[in-house]
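Undergrad: Given only the sequences and the hints, what does the whole structure look like? Please build it.
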Amino acid sequence: MRVKIKKPTGGQISIALLLLVLGILMSMQIKSVRQSNELKNLEKARAIELAEQINQLRKENVSLRQQIYDLEIKLKEYQDSAASISKTTELLKEELDKVKILAGLTDVEGPGIIVTLNDSKIPSQSNVDPNSFLLHDSDILQVINELRAAGAEAIAINDQRVVSTTEVRCAGPTISINNTRYSAPYIIKAIGDPKILKNSLEMRGGIIDLLKEFSIEVKIEEASKIVIPRYTGVLKFNYAKIKSEGS
Amino acid sequence: MIVLVIALLIGILIGLFIPVSIPQNYSSYVAVGLLAALDSIFGALKSNLKGDFKVDIFISGFVGNTLIAMLLAYMGDMLGIPLYQAAIVAFGVRIFQNFGEMRRAILIKNKSFSKEEKNQ
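Top line first, the protein sequences correspond to chains A and B.
Using numbering that gives the first Met the number 0, the first residue of the first sequence is number 0, and each one after it goes up by one.
Using numbering that gives the first Met the number 0, the first residue of the second sequence is number 0, and each one after it goes up by one.
None of these hints come from the bench; they were simulated from the model.
A hint or two may mislead.
With a straight-line Cα cutoff of 25 Å, these simulated DMTMM-like cross-link-like pairs (lysine to aspartate or glutamate) come out [stated by the list, open to error]:
id, chain 1, residue 1, chain 2, residue 2
1, A, Lys242, A, Asp106
2, A, Lys39, B, Asp76
3, A, Lys235, A, Glu93
4, A, Lys99, A, Glu89
5, A, Lys99, A, Asp192
6, A, Lys30, B, Asp76
TA: Quick look at the structure:
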């Protein structure tokens, strides 16, 4: 049986009016919800945009560094050609090369050792401070100090050349070297007499003994040829000036 | 019925093109009110199918439920109790119940038709 639907016209009009109001409210509500969502998305989009900018700047940085490198090769060519002209410029160039090695402004190679340091693999125990099984900036500093004392001529940590302005500093869970952050493992390369360098690190009661006590992983390799890259940052002297003679 | 659907569509269009939207603070109250209104409409559809639809009941339910739902949500905010959830649960359950009854009514109706056709 079909159910008969009552359709009083007056009632229908009032229902229609109510539905009209409902429709208006509904779409207004949808609009406002969408607006608030857009606001949230806007913040997300901003973060993404900033991340992209960082990436862009990094790329630019790499290409600029390449440019520096190219220009320096050109400069070296000029210096070489100048050196072939006269004896004085040749001597000057030798001096310049030595100073460059000292300042870490050129790639160097030679015999030396590679020290690999890594955090302890021992699972952390509840009653032991977990910090003591991690590598710290001071550990690396001690290793570098020892290498210097043993006559290392060039040192790099994770391919960051150690120069006079290099910092080795704790930066949260990472260590900041030349303003670049690295986490374990740390690979320290040093050019010098491999035997002396190795022995100085491994002497009794020395730094390696100390690190092994905390079961920090240490690996020392001797190598006949190590390449240590140049310092890639910018050396700026805002305060230090050469003292003028006679004043 | 067609008049009602058209009225709803016109309302939605008006709402979309009016350059006014509901302020963020009142948005949650309006949402609960809309739910109550939807419940009333489902109730009306159901009673329409069953044949005991009454305009005055529908209108009073539509307006009353909406207002009470909004008031409840507002009071909940004042008291620090999420009372709007009560409205959501109550109206949500009722919408499903109404829909279930409508479904049943329509299916049973169709079945009885087909039986009659077979008998003929």
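Undergrad: Would the hint linking A/Lys39 and B/Asp76 be met if the CA-CA limit is 25 Å?
TA: OK: A/Lys39 and B/Asp76 at ~23 Å, within 25 Å.
Undergrad: Would the pair A/Lys99 and A/Asp192 pass a check requiring their Cα atoms to be no farther apart than 25 Å?
TA: It holds: about 20 Å lies between the C-alpha atoms, which stays within 25 Å.
Undergrad: Check the hint pairing A/Lys235 with A/Glu93 against an upper bound of 25 Å on the C-alpha distance.
TA: Between A/Lys235 and A/Glu93 the Cα gap is close to 24 Å, so the pair holds against 25 Å.
Undergrad: Could you grab the alpha-carbon distance between A/Lys242 and A/Asp106 and see if it respects the 25 Å cut-off?
TA: violated, 30 Å
Undergrad: Is A/Lys99 close enough to A/Glu89, meaning Cα to Cα at most 25 Å?
TA: Holds: A/Lys99 and A/Glu89 sit about 15 Å apart, inside 25 Å.
Undergrad: Between the alpha carbons of A/Lys30 and B/Asp76, is the straight-line distance 25 Å or under?
TA: Roughly 23 Å separates the two Cα atoms, so the pair holds.
In the structure shown, a violation is registered for the earlier hint numbered 1 alone.
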